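Protein chains in written order, with this note's numbering: chain A, 118 to 515; chain B, 118 to 515; chain C, 118 to 515.
What the hints contain is simulated information worked out from the structure, not anything from laboratory work.
Mixed in with the good hints there might be a few duds.
[Claimed, not checked] Taking lysine to aspartate or glutamate and the DMTMM-like style, the derived pairs with C-alpha atoms no more than 25 Å apart in a straight line are: (1) A:K164 / C:E265; (2) C:K458 / B:E265; (3) C:K495 / B:D176; (4) B:K476 / A:E268; (5) B:K476 / A:E459; (6) B:K359 / B:E151; (7) B:K495 / C:E265; (8) C:K122 / B:E268; (9) A:K246 / A:D176; (10) A:K441 / A:D496; (11) B:K164 / A:D496; (12) A:K425 / A:E404; (13) B:K164 / B:D176; (14) C:K441 / B:E260; (15) A:K415 / A:E431; (16) B:K505 / A:E119; (17) A:K476 / C:E167; (18) C:K476 / B:E354; (19) C:K515 / B:E260; (20) B:K367 / B:D176; (21) A:K458 / A:D496; (22) B:K249 / B:D176; (23) C:K509 / B:D176; (24) A:K499 / A:D208; (25) B:K367 / B:E354; (26) C:K249 / C:E301; (27) A:K476 / C:D186; (28) A:K370 / A:E431; (29) A:K164 / C:E260; (30) C:K411 / C:D186; (31) A:K476 / C:E268; (32) C:K263 / A:E379; (33) A:K263 / B:E472; (34) B:K122 / B:D496; (35) C:K476 / B:E472; (36) A:K320 / C:E120.
[Stated by the list, open to error] Far from chain C by the CB rule (all over 10 Å, computed), these chain B residues: (37) N187; (38) E224; (39) K458; (40) K493.
Since the model is a prediction, treat every value here as computed from it, not as a measurement.
The beta carbon of each residue, even a glycine, is placed where N, CA and C say it ideally should be.
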Amino acid sequence: MEETKSLIEKLRGLKYQNMYNNDFFLTWEKSDDELFSVFTVADILRKMRENNISTRIFDSGLGISVFRDNSTRTRFSFASACNLLGLEVQDLEEGKSQIAHGETVRETSNMISFMADVIGIRDDMFIGKGNKYMHEVSEAVQEGYKAEVLEQRPTLVNLQCDIDHPTQCMADLLHIIHHFGGVENLKGKKIAMTWAYSPSYGKPLSVPQGIIGLMTRMGMEVCLGHPEGYDLMPEVEEVARKNAKESGGKFTKTNSMREAFENADMVYPKSWASFAAMEKRTALYGEGKLDEIKTFEKELLAENAKHKEWQCTEEMMKLTKNGKALYLHCLPADISGVSCKEGEVAASVFDRYRELLYKEAGFKPYIIAAMMFLSKVKDPVKTFEALKSSNKPRFSGK
Amino acid sequence: MEETKSLIEKLRGLKYQNMYNNDFFLTWEKSDDELFSVFTVADILRKMRENNISTRIFDSGLGISVFRDNSTRTRFSFASACNLLGLEVQDLEEGKSQIAHGETVRETSNMISFMADVIGIRDDMFIGKGNKYMHEVSEAVQEGYKAEVLEQRPTLVNLQCDIDHPTQCMADLLHIIHHFGGVENLKGKKIAMTWAYSPSYGKPLSVPQGIIGLMTRMGMEVCLGHPEGYDLMPEVEEVARKNAKESGGKFTKTNSMREAFENADMVYPKSWASFAAMEKRTALYGEGKLDEIKTFEKELLAENAKHKEWQCTEEMMKLTKNGKALYLHCLPADISGVSCKEGEVAASVFDRYRELLYKEAGFKPYIIAAMMFLSKVKDPVKTFEALKSSNKPRFSGK
Amino acid sequence: MEETKSLIEKLRGLKYQNMYNNDFFLTWEKSDDELFSVFTVADILRKMRENNISTRIFDSGLGISVFRDNSTRTRFSFASACNLLGLEVQDLEEGKSQIAHGETVRETSNMISFMADVIGIRDDMFIGKGNKYMHEVSEAVQEGYKAEVLEQRPTLVNLQCDIDHPTQCMADLLHIIHHFGGVENLKGKKIAMTWAYSPSYGKPLSVPQGIIGLMTRMGMEVCLGHPEGYDLMPEVEEVARKNAKESGGKFTKTNSMREAFENADMVYPKSWASFAAMEKRTALYGEGKLDEIKTFEKELLAENAKHKEWQCTEEMMKLTKNGKALYLHCLPADISGVSCKEGEVAASVFDRYRELLYKEAGFKPYIIAAMMFLSKVKDPVKTFEALKSSNKPRFSGK
């Protein structure tokens, strides 16, 4: 419990006040203090749960989830985070709902929010759409709150959009921080965020974009590697460049996986579709040209297949710092010979890092809960001290 | 909190005892005192939530929902109401379940109710079916309770049937009461419940029927307007006539939208299918004549299209009391040029009333919670006073 | 409350310590003391709920359900059990999730379990699969727990596999124990577990197998009756034989329904597919031979139809002890003239036993809750005494 105490002390020193009653869309919209507040609150919530102290701050209330793409881990992470704080999850299934019947976003957002404290949205499939949709929802409930339609303003958590995947990337970073024994030890370290071959098509850009947008703030050398044509959104690369400069880190690019892995402390090899491709696909959907989409996707798969050498093999790993770089992935990974014939990573590499990968994923529920906590709780330090002293058990059968 | 105190005093004066361990099917099966008890309890629950006082009377227990038609707002209203009182929602999805496999209503009702405190049902598509089904469920659990199969008798809330939509219409009425500063101010006011054109087919009759069945009890002039052939169920019109007489109000009918709007204090323009049409359609379904249904629905759409002038335009609104009647709708509305080419209401009219419409909808979760509260709580006044004095916060991070 | 007290005393005398942090797969993997602990805890939980004492031992936490086959009653029983103890249900819908996308069981099991206290799985359709899958999940989370990926080890409850249906059969047995006034009165009684005709195809073997595997431990004569070719898994019959010997009971087999019913104290007539048939079908699925499966299922239905005389008629019931045997079924039953033209049981027989059948089903939520309780709570007696003395109401509106 000493640990919890010192974490609360740490929190006391940070500026997180702007997060109150606010949303979490993109990490680069937040100050360093705000990011570290999320990490600190996540660690406190975890410590308290490990010590069987209830962190249930809501006696009742709803956490609403909107998933516009399949999801297991994010769905369960959100549900776990809500449950940890005392919110009941209500999933807005747009199929079931009347949204299909031409209801406007503004209206639906208010209709589902009368007793909603938080809203989590995943909408990552179409460039220029997901983040925009989240802002529409946020503005709608803000209006509703101002107009006293809503008694509370539900705060939004971006569970993955077309631009960023903040809950994933911050879970990745918290994992790295713990792994290397503190954020101060990250300065000067090299992380390779590289493309990797996958037989499955059109994975979102949000993870690589989120990684270069976040890791460049920690004074690290962030090396983005991908075959020609697999570029990310230029504006996000610009963010990475700016962050690197400010943090005293580096942001480099290469079209060689070997070069990216060379002497890296961490590697994050993962497949994605190119920005240009996703944009074209989005346009085709917009025009409802389904046949053309099919043809186009075939082309893209064929293009992917030209780059099968972009695989995280044992040989590639040998290139990294002492051959022992920390392998990172958001999961699920396309594992060669396991989940597919040829994929992002060799089975032997993946196996060696499995437990670490699971631990990496384990930070996500706490990151989400921390984002909610900081957006809802007026005086986090006071609330944590109250929880600590009341010392109510999460499970009374221990 | 003074307000809460006086509301509890008000409740003390009302006769609601017959609602205990009872269901809520149709508003006209309830006494005036019982309706006003629902309104009063709804207001108390809302005030307490606004003052961050927990109204969680259930430490555990299930609220079961059965939706036989798509729904966003009602689904979330029910979930919010259950959550506010401490019940966890379990949705009976008849697709997933074995009901499809020829299980009887009696059996299913008991099988899902071993730990169920309330059941909410929406079944509004077929004339003569929905309300009947709810009664079958109610009788089944009553039997089960008597036979000690069930430890508690789950009470039913009608979330919309073929005859009435009590949670919607009572939310509408509570909105009106607050808008006009008290029920006493409603006497003599005119409300126009009119048909309106919609390109979508076969909307239920439950809202217009519920409105004429309920508003006629408040001493208002309720004017029902629709094109020839769009009649409601005759027995419900009979109820409205009777209510009007008893309450000193009026129930009038017209085939002219202009006449209905003339000098109205409130207007409720909404599309519905005719009773006769719904009956025929129900019969065709019964006989499984799917092709004939298609043809029939085409005919009905064509018939609808003959009445496009039944639209709530600015010009129509000018006819109302000082051109400023309160526009009402259960949402979602078919807004001309927004959700459809031509529909129930002009965009400019809808926009002007948007916030009020959202507030109208906001009463629904509290109406549902109040119905549950009065059906489960033995001594509501005592329970409210206990909640007030224990003063447990709903959210302890405020 | 005296009753609760003596039940707690009874529990004190039983050896259940090995159930702590353990799973529940098959009844014959558990000691008699462990089975009776489940019954005793189930009775205590029920008594406490009847006396409006909260048994909510979890302030937060998830209970995860995985249903690989349709289910109403088991789904609601699991949800009720979780809710009774304070866990929120999260359903892993494999359709929605990314499991379809080739994710391994090991990975998914950990990804959904970061805050999961229990996992309930139903997987009964394919011989040699369901129970195996449950063990894979159990090993996966055990590994994750050891590796500190998971803070707690979620314990598994078998909600029906290809071999056993422990929650059903133990609910059946607890019902019998209460019906006959104590387990000691079961010695020497005869129970007929027989096949019965059903027009629907391929029902799982888990119920008849679970029944012969469990009831043979109570010193009863368990008579398994079915037409030639409808054999159960040989290893389970072996278990039954062994149990009967040890308990001083009997395990007999016959191909005559009349012989099985002859002088029986209890009858459990229920349809199932033969072990050999299920095995072949599983193989065909494995080979993706969908057309052959269709043909094969037709053959099996034709085979079924040869045994329509296997029906629980009034005449058959006359053969039982004083014509008054206790009729048992897991529900839903195929009732002749009700849910099908010809089926497992005559309507008049079913009607006479309906209330008892519903009560039988009513034990299931408590059996599941008891299994969870014993797998999670370190000192059940202490915890029950604490719950009793704190005396927190489940519902504070009574």
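Hints, verified against the model:
1. With a C-alpha separation of about 13 Å, the suggested pair K164 of chain A and E265 of chain C falls inside the 25 Å cut-off, and the hint holds.
2. Proximity of K458 of chain C to E265 of chain B is assessed by CA-CA distance (about 31 Å); at most 25 Å being required, the pair is judged violated.
3. The straight-line distance between the Cα atoms of K495 of chain C and D176 of chain B is roughly 23 Å, inside the 25 Å bound, and the hint therefore holds.
4. With a C-alpha separation of about 11 Å, the suggested pairing of K476 of chain B with E268 of chain A holds against the 25 Å cut-off.
5. Straight-line distance between C-alpha atoms of K476 of chain B and E459 of chain A comes to about 56 Å, which puts the hinted pair past the 25 Å bound.
6. Taken as a hint, the K359 of chain B and E151 of chain B pair is honoured in the structure, with Cα atoms around 18 Å apart against an allowance of 25 Å.
7. Among the hinted pairs, K495 of chain B with E265 of chain C is inconsistent with the structure: their alpha-carbon atoms are about 48 Å apart, more than 25 Å.
8. The hinted pair formed by K122 of chain C and E268 of chain B meets the criterion: a straight-line CA distance of about 20 Å does not exceed 25 Å.
9. Restraint check for K246 of chain A and D176 of chain A: the C-alpha separation of about 35 Å exceeds 25 Å, so the hint is violated.
10. Between the alpha carbons of K441 of chain A and D496 of chain A the distance comes to roughly 42 Å, so the proposed pair goes past 25 Å and is violated.
11. Proximity of K164 of chain B to D496 of chain A is assessed by CA-CA distance (about 24 Å); at most 25 Å being required, the pair is judged to hold.
12. Between the alpha carbons of K425 of chain A and E404 of chain A the distance comes to roughly 32 Å, so the proposed pair goes past 25 Å and is violated.
13. With a CA separation close to 21 Å, the supplied pair K164 of chain B and D176 of chain B stays within the 25 Å bound.
14. As the CA atoms of K441 of chain C and E260 of chain B are separated by approximately 23 Å, the hinted pair is consistent with the 25 Å bound.
15. With a CA separation close to 30 Å, the supplied pair K415 of chain A and E431 of chain A exceeds the 25 Å bound.
16. As the CA atoms of K505 of chain B and E119 of chain A are separated by approximately 37 Å, the hinted pair breaks the 25 Å bound.
17. For the given pair, K476 of chain A sits about 43 Å from E167 of chain C by alpha-carbon distance, which is inconsistent with the 25 Å threshold.
18. Among the hinted pairs, K476 of chain C with E354 of chain B is inconsistent with the structure: their alpha-carbon atoms are about 44 Å apart, more than 25 Å.
19. About 21 Å separates the Cα atoms of K515 of chain C and E260 of chain B, which keeps this hinted pair within 25 Å; it holds.
20. For a cut-off of 25 Å, the pair hint linking K367 of chain B to D176 of chain B is broken: about 46 Å separates their Cα positions.
21. Proximity of K458 of chain A to D496 of chain A is assessed by CA-CA distance (about 52 Å); at most 25 Å being required, the pair is judged violated.
22. Only pairs whose Cα atoms come within 25 Å are accepted, and K249 of chain B paired with D176 of chain B is rejected, the gap being roughly 32 Å.
23. Only pairs whose Cα atoms come within 25 Å are accepted, and K509 of chain C paired with D176 of chain B is accepted, the gap being roughly 9 Å.
24. Proximity of K499 of chain A to D208 of chain A is assessed by CA-CA distance (about 31 Å); at most 25 Å being required, the pair is judged violated.
25. Distance restraint check for K367 of chain B and E354 of chain B: the Cα-Cα separation of roughly 12 Å lies within the 25 Å cut-off, and the hinted pair is therefore satisfied.
26. A hinted pair counts as satisfied when its Cα atoms are at most 25 Å apart, and K249 of chain C with E301 of chain C does not qualify at roughly 35 Å.
27. For the hint pairing K476 of chain A with D186 of chain C, the CA-to-CA distance comes to about 31 Å; that exceeds 25 Å, so the pair is violated.
28. For the proposed pair K370 of chain A and E431 of chain A, the alpha carbon gap of about 23 Å is at most 25 Å, so the pair holds.
29. A distance of roughly 21 Å separates the Cα atoms of K164 of chain A and E260 of chain C; the hinted pair therefore holds under the 25 Å criterion.
30. In summary, the hint linking K411 of chain C to D186 of chain C is supported, as the alpha carbons are separated by about 19 Å, within the 25 Å threshold.
31. Straight-line distance between C-alpha atoms of K476 of chain A and E268 of chain C comes to about 11 Å, which keeps the hinted pair within the 25 Å bound.
32. Straight-line distance between C-alpha atoms of K263 of chain C and E379 of chain A comes to about 34 Å, which puts the hinted pair past the 25 Å bound.
33. The straight-line distance between the Cα atoms of K263 of chain A and E472 of chain B is roughly 10 Å, inside the 25 Å bound, and the hint therefore holds.
34. Straight-line distance between C-alpha atoms of K122 of chain B and D496 of chain B comes to about 16 Å, which keeps the hinted pair within the 25 Å bound.
35. The hinted pair formed by K476 of chain C and E472 of chain B fails the criterion: a straight-line CA distance of about 50 Å is larger than 25 Å.
36. Between the alpha carbons of K320 of chain A and E120 of chain C the distance comes to roughly 60 Å, so the proposed pair goes past 25 Å and is violated.
37. Separation of N187 of chain B from chain C is adequate, the least Cβ-Cβ distance of about 18 Å exceeding the 10 Å criterion.
38. Interface exclusion of E224 of chain B from chain C breaks down, the closest Cβ pair being 6 Å apart, not more than 10 Å.
39. Here K458 of chain B stays apart from chain C, with its beta-carbon at least about 35 Å from theirs, past the 10 Å limit.
40. A beta-carbon of chain C comes within 10 Å of the beta-carbon of K493 of chain B; the shortest separation is about 6 Å.
Going through the hint list in order, the structure does not satisfy hints 2, 5, 7, 9, 10, 12, 15, 16, 17, 18, 20, 21, 22, 24, 26, 27, 32, 35, 36, 38 and 40.
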